[in-house]
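Q: The listed protein sequences derive, respectively, from chains A and B.
Anchor point for the first sequence: position 139 equals 139 in my numbering, and the numbering is continuous, going up by one each time.
Anchor point for the second sequence: position 477 equals 477 in my numbering, and the numbering is continuous, going up by one each time.
Hints may be right or wrong, so weigh each one.
For identical chains, the list gives no copy identity; a pair is met inside one copy or between any two copies.
Said to hold, decoys possible - Cut-off 27 Å, straight-line C-alpha distance, at most; resulting in silico cross-link-like pairs (DSSO-like, lysine-lysine): (1) Lys131 x Lys89; (2) Lys37 x Lys89; (3) Lys467 x Lys120; (4) Lys497 x Lys467; (5) Lys293 x Lys220; (6) Lys220 x Lys233; (7) Lys258 x Lys227; (8) Lys293 x Lys455; (9) Lys467 x Lys62; (10) Lys233 x Lys89; (11) Lys217 x Lys89; (12) Lys77 x Lys89; (13) Lys293 x Lys463; (14) Lys295 x Lys217; (15) Lys131 x Lys62; (16) Lys463 x Lys295; (17) Lys258 x Lys295; (18) Lys37 x Lys131; (19) Lys34 x Lys89; (20) Lys131 x Lys77; (21) Lys389 x Lys463.
Since the hints were derived computationally from the structure, they do not count as laboratory data.
2 protein chains.
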Amino acid sequence: MQNRRNEAYSEQQVQELGKRIASSEISEQSFVLKTPKGTRDRNPVQMRVLEQVFGVIQDCFKRHDAVSIETPVFELKEVLTGKYGEESKLIYNLEDQGGELLSLRYDLTVPFARYVAMNKIMSIKRYQIGKVYRRDQPAINRGRFREFYQCDFDIAGNYGLMLADAECLRIIYEVLRDLNLGDFVIKVNHRRFLDGLFSTIGVPPEKFTTTCSSVDKLDKATWEDVKQELLQKGLLPETVDLIGHYTQIAGGAEVLDKLETDPRLANSTDIHDTLREMRTLLDYCQAMGIVSKLKLDLSLARGLDYYTGVIYEAVLIGFNCDDKRQSEKVVASAPERLPSSKKKSKKKSKQEVIEVEEDFGATEGAVGSVAGGGRYDNLVALFTPNSLKVPCVGVSFGIERLLAISEMLARRRAATGDTSDSTIRATETEVMVIVAHKGLIAPRLQLAQELWDAKIKTAFSHKAQPKLLDQLQYCESTGIPLAVLIGEAELQRGVVKLRCISTRKEREVTRVDLPAAIRSELEALRGGAQQ
Amino acid sequence: MQNRRNEAYSEQQVQELGKRIASSEISEQSFVLKTPKGTRDRNPVQMRVLEQVFGVIQDCFKRHDAVSIETPVFELKEVLTGKYGEESKLIYNLEDQGGELLSLRYDLTVPFARYVAMNKIMSIKRYQIGKVYRRDQPAINRGRFREFYQCDFDIAGNYGLMLADAECLRIIYEVLRDLNLGDFVIKVNHRRFLDGLFSTIGVPPEKFTTTCSSVDKLDKATWEDVKQELLQKGLLPETVDLIGHYTQIAGGAEVLDKLETDPRLANSTDIHDTLREMRTLLDYCQAMGIVSKLKLDLSLARGLDYYTGVIYEAVLIGFNCDDKRQSEKVVASAPERLPSSKKKSKKKSKQEVIEVEEDFGATEGAVGSVAGGGRYDNLVALFTPNSLKVPCVGVSFGIERLLAISEMLARRRAATGDTSDSTIRATETEVMVIVAHKGLIAPRLQLAQELWDAKIKTAFSHKAQPKLLDQLQYCESTGIPLAVLIGEAELQRGVVKLRCISTRKEREVTRVDLPAAIRSELEALRGGAQQ
Numbered sequence: 001m002q003n004r005r006n007e008a009y010s011e012q013q014v015q016e017l018g019k020r021i022a023s024s025e026i027s028e029q030s031f032v033l034k035t036p037k038g039t040r041d042r043n044p045v046q047m048r049v050l051e052q053v054f055g056v057i058q059d060c061f062k063r064h065d066a067v068s069i070e071t072p073v074f075e076l077k078e079v080l081t082g083k084y085g086e087e088s089k090l091i092y093n094l095e096d097q098g099g100e101l102l103s104l105r106y107d108l109t110v111p112f113a114r115y116v117a118m119n120k121i122m123s124i125k126r127y128q129i130g131k132v133y134r135r136d137q138p139a140i141n142r143g144r145f146r147e148f149y150q151c152d153f154d155i156a157g158n159y160g161l162m163l164a165d166a167e168c169l170r171i172i173y174e175v176l177r178d179l180n181l182g183d184f185v186i187k188v189n190h191r192r193f194l195d196g197l198f199s200t201i202g203v204p205p206e207k208f209t210t211t212c213s214s215v216d217k218l219d220k221a222t223w224e225d226v227k228q229e230l231l232q233k234g235l236l237p238e239t240v241d242l243i244g245h246y247t248q249i250a251g252g253a254e255v256l257d258k259l260e261t262d263p264r265l266a267n268s269t270d271i272h273d274t275l276r277e278m279r280t281l282l283d284y285c286q287a288m289g290i291v292s293k294l295k296l297d298l299s300l301a302r303g304l305d306y307y308t309g310v311i312y313e314a315v316l317i318g319f320n321c322d323d324k325r326q327s328e329k330v331v332a333s334a335p336e337r338l339p340s341s342k343k344k345s346k347k348k349s350k351q352e353v354i355e356v357e358e359d360f361g362a363t364e365g366a367v368g369s370v371a372g373g374g375r376y377d378n379l380v381a382l383f384t385p386n387s388l389k390v391p392c393v394g395v396s397f398g399i400e401r402l403l404a405i406s407e408m409l410a411r412r413r414a415a416t417g418d419t420s421d422s423t424i425r426a427t428e429t430e431v432m433v434i435v436a437h438k439g440l441i442a443p444r445l446q447l448a449q450e451l452w453d454a455k456i457k458t459a460f461s462h463k464a465q466p467k468l469l470d471q472l473q474y475c476e477s478t479g480i481p482l483a484v485l486i487g488e489a490e491l492q493r494g495v496v497k498l499r500c501i502s503t504r505k506e507r508e509v510t511r512v513d514l515p516a517a518i519r520s521e522l523e524a525l526r527g528g529a530q531q
Numbered sequence: 001m002q003n004r005r006n007e008a009y010s011e012q013q014v015q016e017l018g019k020r021i022a023s024s025e026i027s028e029q030s031f032v033l034k035t036p037k038g039t040r041d042r043n044p045v046q047m048r049v050l051e052q053v054f055g056v057i058q059d060c061f062k063r064h065d066a067v068s069i070e071t072p073v074f075e076l077k078e079v080l081t082g083k084y085g086e087e088s089k090l091i092y093n094l095e096d097q098g099g100e101l102l103s104l105r106y107d108l109t110v111p112f113a114r115y116v117a118m119n120k121i122m123s124i125k126r127y128q129i130g131k132v133y134r135r136d137q138p139a140i141n142r143g144r145f146r147e148f149y150q151c152d153f154d155i156a157g158n159y160g161l162m163l164a165d166a167e168c169l170r171i172i173y174e175v176l177r178d179l180n181l182g183d184f185v186i187k188v189n190h191r192r193f194l195d196g197l198f199s200t201i202g203v204p205p206e207k208f209t210t211t212c213s214s215v216d217k218l219d220k221a222t223w224e225d226v227k228q229e230l231l232q233k234g235l236l237p238e239t240v241d242l243i244g245h246y247t248q249i250a251g252g253a254e255v256l257d258k259l260e261t262d263p264r265l266a267n268s269t270d271i272h273d274t275l276r277e278m279r280t281l282l283d284y285c286q287a288m289g290i291v292s293k294l295k296l297d298l299s300l301a302r303g304l305d306y307y308t309g310v311i312y313e314a315v316l317i318g319f320n321c322d323d324k325r326q327s328e329k330v331v332a333s334a335p336e337r338l339p340s341s342k343k344k345s346k347k348k349s350k351q352e353v354i355e356v357e358e359d360f361g362a363t364e365g366a367v368g369s370v371a372g373g374g375r376y377d378n379l380v381a382l383f384t385p386n387s388l389k390v391p392c393v394g395v396s397f398g399i400e401r402l403l404a405i406s407e408m409l410a411r412r413r414a415a416t417g418d419t420s421d422s423t424i425r426a427t428e429t430e431v432m433v434i435v436a437h438k439g440l441i442a443p444r445l446q447l448a449q450e451l452w453d454a455k456i457k458t459a460f461s462h463k464a465q466p467k468l469l470d471q472l473q474y475c476e477s478t479g480i481p482l483a484v485l486i487g488e489a490e491l492q493r494g495v496v497k498l499r500c501i502s503t504r505k506e507r508e509v510t511r512v513d514l515p516a517a518i519r520s521e522l523e524a525l526r527g528g529a530q531q
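Put together the whole structure using the sequences plus the hints.
A: Structure representation (structure tokens):
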């Protein structure tokens, strides 16, 4: 009835809007209804997972005395110029419509450095979660998007050796522990150690960078492939063999012992300085209870463009995707703080993206890098060349990948009937006000209002004459655990029926006691779900 | 000591980066370090206020069974084409770098309609908070930005007359009540009523839109100005007089009585239909306990481009900026859902933006529109002309203005020494681990770890040898209420000193009891602050 009325009202409006479309150059049918290439909408269930994952991460950052800042989605083009090397071609520029030339931010690190420099900040511990933009060839099913979230935590300031660095590792530990995505390991290396090593074993200084980018591929390519690449780059065979030898070294503090007593490395001050630094880092991580999660890994490179000290990368190792019958696909983008890690993701690799689908089940123990970072002491100085230096260290979480894995786990829990899990619901609604027979609009609204005022999350049907069955089905399909049924007779007696959707049990409650009764039912349901 | 080392390490890196800059066309000194015109960073304190305001608003949306979605920051250019009339020139386009033509979103409503159409959704109640972009002439101190937040709540679906509309008004009520920014009123009108009225009193149909946009100025301009404008637009003097007569009408249900019995309007079916609709709306608002906040106001127009039914706008009335000595400035952008409201904000007006500064104190009882919306039943159909219609009604909060007012109130509370207010702090940190004498790095980290694991928000100094006074001052300046002091002697005895920063009282606590002791101190401080 109302709908017909609404339609009648809008006839003229429809015509007006139709005219407007006709007068524009684009006809209403001439384009496909879609989001831009490499972007996507997030639906309500995905948003709930996002909210929960962001909540865990923010709680961790706040526990560590971090502040948060926000920067614009676009920056002056010059701010980004010269910061990303070859990757600059992937920057989105805005059309020159007069005025300043602007670009969409490519990461959160350069805007952070701009913020620190611009505000002459000498020390700050900040986090920022925001979308960044890369005009890369998208690979949606492999998790590479053109618009994706980054989630960064950085500590800027002139601080004691390894103190801020150790806290960043602790941050990675806490976030991955609290997200509960299975076991993980944090690989650690030192950029200056790699420089010292290369220098010592005969890599010419001008080939440090290119050697590093070959080594960087070792987590996905075989040594044989990397070896050939290094030989093609003109390194001597004995140097290449030594690279092969050292980049296989990985482990705990014993690695440091071994390297300190390595006669080949005995004469390099750089190497021994960095080894002492790494030992300090391990000591601090020991004090913070995370040393068992660390693995010194000399094959970790993370590029050379940017970092000046410790570098690290966290990998999920306990994440087994063994149920190949589920036709799920986890789409996730790699944590990309750096141009160099960008290059990585261009390489096809089963390990790189966790996929669970009908015909391409992920291998058991599939590994995904979900966080990475390191020390970068010179970026802020690029914006303030004549000022005091502001050294920085930070970590960036591969939030799209963490979200994708969390979504998949939530779907899996829902599929196995684990009702204690609420992540798969799109809302948190606790109760629906249901009318047992026709109409009762004002009483419906009045009861809803009483519940809202009692801070109870309450739904009601917007239909004038909703069917009882439809209302109950709405509860079931959206996971609302309780319903309050009202009818004329109950209203006159000042009572309502409180119904548990899953058990279908109903009991009469006086209206004044309703909020308390709902709370106790919810409490009981939560208790039952936990058992 | 460590700093010098860090510097030494980065020499080569600095040179490399310097070279990169030199090789680019832009020299490092050639641009001013700033954010793009019309944009800004948000600092940590502003972010805390934002988080709290968003929290209140999201709580309200969730209490009402709403889901949330997210859409990309840019859309295909065609999606936005033909939706904003003259305002289209304010859309930011991305540079054509090959591939699709893209534009930054101008509001959240058109992307929402695109989402509903694309996913063939027949009903949804969703909220979305996100930034939108308008290449308008910015007026930062009057609160007009080129990048600003919108916060939208919309109900789409074929529903009973006025049921969803009434819930939108309830949403406005709850948000403004819970944000605690003083008294407010929600002005309500009906777009079809205005059409019927104009038709009846002799406005030619082709002049409805332009008449409406003149009427729309009545909240800022005098009637005399609007009258002259209407006469210039060619309306007959007696018609203009009648517009003046009717647009002065405002009030509660008695307005409907008056209009229903108005002999001049007796023959218009449209008018009497809409008056019955308005009465239904008032009935529902009565049931939801908000009718006292509503004011039927026939001068409310909100443009005609878009809306098809009820329209509304909320105004803060209790917001007095009477302390002119405070050199504060509240920058806030008007809630802009519509091109038409955009036009409004071009007009200079004291009422439009709340400003409190040395030489331009806001008048007492300054009024600011902080939310607006209405029914728009035809927008989704623009994307799916051959499908069933999906009627919509929604509200958009003037979130930048709400943030600016909240920031100002927080600063004011802080200035008056109201320590119970925590909004002005940049962090939520509860305790700082402080070393009483040199070093003690590992013990410091170990204690911090114990507190983090106990979910206590804990800071520590990253300096190797921090001074006691510096650490205490850090607590005071950042508002950390408690400190845990450790020294060699205490460590050996398994105790620490727990210090209240404000009272300077210290007591010894055994290490194992520390988390509980901290919690009880925090509880006591909160209790004291509330008294």
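Q: If the cutoff is 27 Å on CA atoms, where do Lys37 and Lys89 land: within, between, both or neither? Let me know, please.
A: both (17 Å within a copy, 24 Å between copies)
Q: Can you tell me if Lys467 and Lys62 fall within 27 Å by alpha carbon in one copy, between copies, both or neither?
A: Result: close only across copies, 24 Å inter versus 47 Å intra.
Q: Treating 27 Å as the Cα threshold, decide for Lys295 and Lys217: within, between, both or neither.
A: Close inside one copy (18 Å), not across copies (67 Å); limit 27 Å.
Q: Treating 27 Å as the Cα threshold, decide for Lys293 and Lys220: within, between, both or neither.
A: For Lys293 and Lys220, only the intra-copy Cα distance (21 Å) is at most 27 Å; the inter-copy one is 64 Å.
Q: Could you place Lys463 and Lys295 in one of the four classes (within, between, both, neither) given a Cα distance threshold of 27 Å?
A: Cα proximity of Lys463 and Lys295: across copies only (26 Å, versus 60 Å in one copy).
Q: Classify it for me, Lys37 with Lys131: is the Cα-Cα distance of at most 27 Å met within a copy, between copies, both or neither?
A: both (16 Å within a copy, 20 Å between copies)
Q: Treating 27 Å as the Cα threshold, decide for Lys220 and Lys233: within, between, both or neither.
A: within (19 Å within a copy, 72 Å between copies)
Q: Within, between, both or neither: how does the pair Lys77, Lys89 come out at a Cα-Cα threshold of 27 Å?
A: both (12 Å within a copy, 22 Å between copies)
Q: Treating 27 Å as the Cα threshold, decide for Lys131 and Lys89: within, between, both or neither.
A: Cα proximity of Lys131 and Lys89: in one copy and across copies (18 Å, 25 Å).
Q: State whether the alpha carbon distance between Lys293 and Lys463 is at most 27 Å within one copy, between copies, both, or neither.
A: between (55 Å within a copy, 25 Å between copies)
Q: Check Lys131 against Lys77 for me: Cα-Cα at most 27 Å, and say if that holds within a copy, between copies, both or neither.
A: The answer is both: 17 Å in one copy and 20 Å across copies each meet 27 Å.
Q: From the Cα coordinates, with 27 Å as the cut-off, is the pair Lys34 and Lys89 best called within, between, both, or neither?
A: both (25 Å within a copy, 23 Å between copies)
Hint check: no violations occur; every hint is consistent with the structure.
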